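**Student:** Chain by chain, the residues:
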Amino acid sequence: MAIDPQPEAVTAEGPGADFPSAPAGVSAEGHGPWYLAFKRFTRNRVAVAFLGLFILIVVFVLAAPLWADHVAHTGPNKTHTLEKLHVGDEVREVVTPEGRPIGPQWFEADGKFFLGADSRLGRDEMVRLMYGGRTSLLVGIGSALITTAMAILLGLLSGYFRGWVDTVIARTLDVLWSLPVFLVGLALGVALAVGGLKIGPLEIAGGSLWIPVIVISVFTVPYIARPIRGEVLALSEKEFVEAAIAQGAGPLRVMFSEILPNLASTVIVFFTLTIANNMLFEAGLSFLGAGVQPPNSSWGTMISIGEELLTTQPLLAIIPGVMILLTVLSLNIVGDGLRDALDPRSKIRLEAHAGMVEPKGSSV
Amino acid sequence: MGRFVVRRLFGMVAVLFAVSVIVFMIFNVIPNSNPAQALAGKNATPTLVKSIEEEWGFDNSLPEQYVTMMKKVFTGELTSYKPRIPVDEQIFERIPATLSLSIGAGIIWLFFGLLLGYLSALRAGGWLDRLLTGVAVAGISIPVFLIAPVLIYFLTYKVEIFPNAQYVPLTEDPWEWLTHLILPWFTLAILSIGFYSRVLRSNMLDVMNEDYVRTARAKGLSERKVMTRHVLRNSLIPIITLFGLDFGATIAGTAIITEVLYSLDGVGSYAAEAATKFELPPIMGVTLYGAFFVVFINALVDIVYAYLDPRVRLGETASA
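Line order of the protein sequences matches chains A and B.
To convert, note that position 287 of the first sequence is 287 in our numbering; the numbers rise steadily by one, no gaps.
Plus 364 on top of the position in the second sequence (first one is 1) and you've got our numbering.
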């Protein structure tokens, strides 16, 4: 790319000052690229609306203990099999003798069993939905953080050092890439759920949330690491890297304070889309019993429990599914909006895909 | 071309070996539990565990154990222990359901995906394009475990249009086979329809800016001919790779969930059943065979792609 002829680019402040290849012209008004990206994002009303929806979902799941303690007066894993519910003068059984759970009560019972009970165990569906959302979001965000961190590290090492380091990392990623990720994730999830995991001094029990987080993050690394590696390869040819090396900067400094800031927009977009993708991965694994283990709830496990009562209580399976849809949809649209704002020429291409495997042909 | 094929096949063998090592590690090395106990499944008797321990030689060295596993997988000695059934037999019995589901879904998603993508590229920027883009984004984000319950509830229980799933073999009754599979097909296809329409649209918009398209217009070809002969044809090439990869990934991914949701007795639901019982041999078998199948398809797709687009195989030799 040509050197930016405008002197304002040099004086631009904020983190964007590190962008030597900031698109020509964006700094015409003396604003940094981050500010301009923010402006561009807020102009995209659809993306802003869906960001709002995502924030609402986060608030909804964070409010779980409030609802559980003050409205429903129960916990997510508490069973109410033999209890009766007093609605006005009427007495309703939470679970009928035939094992049929109570349907949605909405506000009739002061918010108790708002969405009904989940199964013959008679657990409060609404409370489980809120706590389950915490689990799903936690696994999604947690694994996306680990995936992104690993991908940045591998991409930087591989793209900067090249040679045998690159060969080893790139081949490993190739193998992971060509695996049927979901199937192998399923196998690993089941194998670890039996006895847990032991890495050196670190021991993780079979039912721990860390198991799905680790499984998911390992298998999604290549989807981010490969494009990042490509970008590092291109960036390390740039003059500013040469300049840094000429000034005596070591590899660590070049990688982390020269190249890394230039990856920021790619990383932000990928991170958003990876959360969505990983949440779908988690839901799929949990649905099949290889992800989040009972009694913990997640939206995926709730669908698999609810699906058994589909004929009589369809909402039990449909509501958690709708929650997943809304979360994934909002993250996808926010991710798209971020890409348009941060990278107007759209170098980055990846979508979370409800198939839990990203479309492979569309990487950079 | 010959060199490319050899290189690609060699790469395939390397990946297959890596896959088998990864699967071996998953079952025998990584978990912090007695592998015999895990193979036997939940609540197995100590005598069963003991006999499995001897059968698999868990006190041998790791390479020996690896050879034992591969032998079992390829000679069809892999058995599930509760009840004692050979894994191969089960898988072969269930392959028709899995293939019917995925091939049918593949045809549907390709047809509708390309149709919608073509329409929205023709009308790029117009209201139809914007509508289709919106539908595609929504389609991409709908998880199968939402589509399936909604479709089943409304179209089989509320209004009895479609029969309640289960797989009916094609050879037994083709009409029943079809009606039982329509809902699963669309469930599996919807997300890819959305995705493929977007990919084709953006490919076509890229190709429309190429010089040869301008040349075609300049020499007076009708718009229709330009679009179908020049733009569409060249935009389809990348779709082939994508389809091959996605098809493999779908069989080993979303198809499993779809099979479970519609109680189709396919290979995926076999693995899923085993997963709920924490029984490993079926999962080991399905994972390895599935991985081999996917890796094979990927290699095949690369070769077809290289045949269609000479730049790929030339680039490959240049960098070698």
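It is worth saying that the hints were derived from the structure and are not from the lab.
Because the structure is a prediction, the values reported are computed rather than measured.
Just to be clear, a hint being listed does not mean it is correct.
DSS-like mimics (lysine-lysine), calculated; alpha carbons at most 27 Å apart, straight line [what the hints assert, rightly or not]:
{"no.": "1", "chain 1": "B", "residue 1": "Lys406", "chain 2": "B", "residue 2": "Lys436"}
{"no.": "2", "chain 1": "B", "residue 1": "Lys436", "chain 2": "B", "residue 2": "Lys414"}
{"no.": "3", "chain 1": "A", "residue 1": "Lys78", "chain 2": "B", "residue 2": "Lys436"}
{"no.": "4", "chain 1": "B", "residue 1": "Lys641", "chain 2": "A", "residue 2": "Lys78"}
**Student:** Indicate, hint by hint, whether the structure satisfies it.
**Tutor:** Taking the hints in turn, this is what the structure says about them:
Proposed proximity of Lys406(B) and Lys436(B) is supported: the alpha carbons are some 22 Å apart, at most 27 Å. A C-alpha spacing of about 18 Å is found between Lys436(B) and Lys414(B), which places the hinted pair at or below 27 Å, so the restraint holds. This hinted pair does not check out: Lys78(A) and Lys436(B) have alpha carbons roughly 45 Å apart, beyond 27 Å. The hinted pair formed by Lys641(B) and Lys78(A) meets the criterion: a straight-line CA distance of about 24 Å does not exceed 27 Å.
Violated hints amount to a single one, hint 3; each of the other numbered hints is respected by the structure.
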